[in-house]
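First to last, the sequence lines map onto chains E and C. Using the numbering used here, you'd call the opening residue of the first sequence number 1 and step up by one each time. Using the numbering used here, you'd call the opening residue of the second sequence number 1001 and step up by one each time.
Calculated directly from the structure, the hints in this document are not laboratory data. Note that the structure is predicted; figures quoted are calculated from it, not measured. Among these hints, one or two may not hold up.
To be verified - The calculated lysine-lysine pairs, modelled on DSBU-like cross-linking and capped at a C-alpha distance of 35 Å, are:
1) K1009/C / K107/E
2) K1038/C / K37/E
3) K1022/C / K97/E
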Amino acid sequence: QQPVQSPQAVILREGEDAVINCSSSKALYSVHWYRQKHGEAPVFLMILLKGGEQKGHEKISASFNEKKQQSSLYLTASQLSYSGTYFCGSREGGTYKYIFGTGTRLKVLA
Amino acid sequence: DTEVTQTPKHLVMGMTNKKSLKCEQHMGHRAMYWYKQKAKKPPELMFVYSYEKLSINESVPSRFSPECPNSSLLNLHLHALQPEDSALYLCASSHAKDRVLSGGYGYTFGSGTRLTVV
């Protein structure tokens, strides 16, 4: 069963902040975040390996709560280039089976 | 070279045709993947090769046949497809799973082949 993301879609103005949540019914051993622009390949943003870990990438950061089986992606001072669909994902423990979350479509307006 | 190259970028095929999708990487990754993505949906895992051996087949119909001739190449052979198989087919590669975890590496995706079955 794939991780569920919320919200499904969000529209922002440039400079606004957003949070995207990822929740799984299965244990999460690591969480990846990707961004996919229309017609392009998903691009790896970051991986969180341990419960409670937080990582940052430009103005995009993420946290991982292993106990709650949740991860959140934080986008601050959004830019037009942040528009796209964001996917979380996780590997089933010990395997190569990598499952994407349901996705969040984000649009940043000027 | 930090890319995964997929060819062709677009493919239109009839239901009786046989065609192949190709994927190539030169990053030394030993795991390669095929995903299928329908519009506005997340990519769905189809196959995983680890060290050139088929590791995972997600109950994919036999009209899709993967092949990994060497550590850099991954093919997907298509035969007798249905219109509902029309989708974006993505290839990805990664380090072996332990190194993904220990090194914090993710997966690198190709730009995909947009397949239309008529």
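Against the structure, the hints:
This hinted pair checks out: K1009/C and K107/E have alpha carbons roughly 26 Å apart, not beyond 35 Å. Restraint check for K1038/C and K37/E: satisfied, since their Cα atoms lie roughly 14 Å apart, inside the 35 Å limit. Between K1022/C and K97/E the alpha-carbon distance is near 21 Å, which keeps this suggested pair within the 35 Å criterion.
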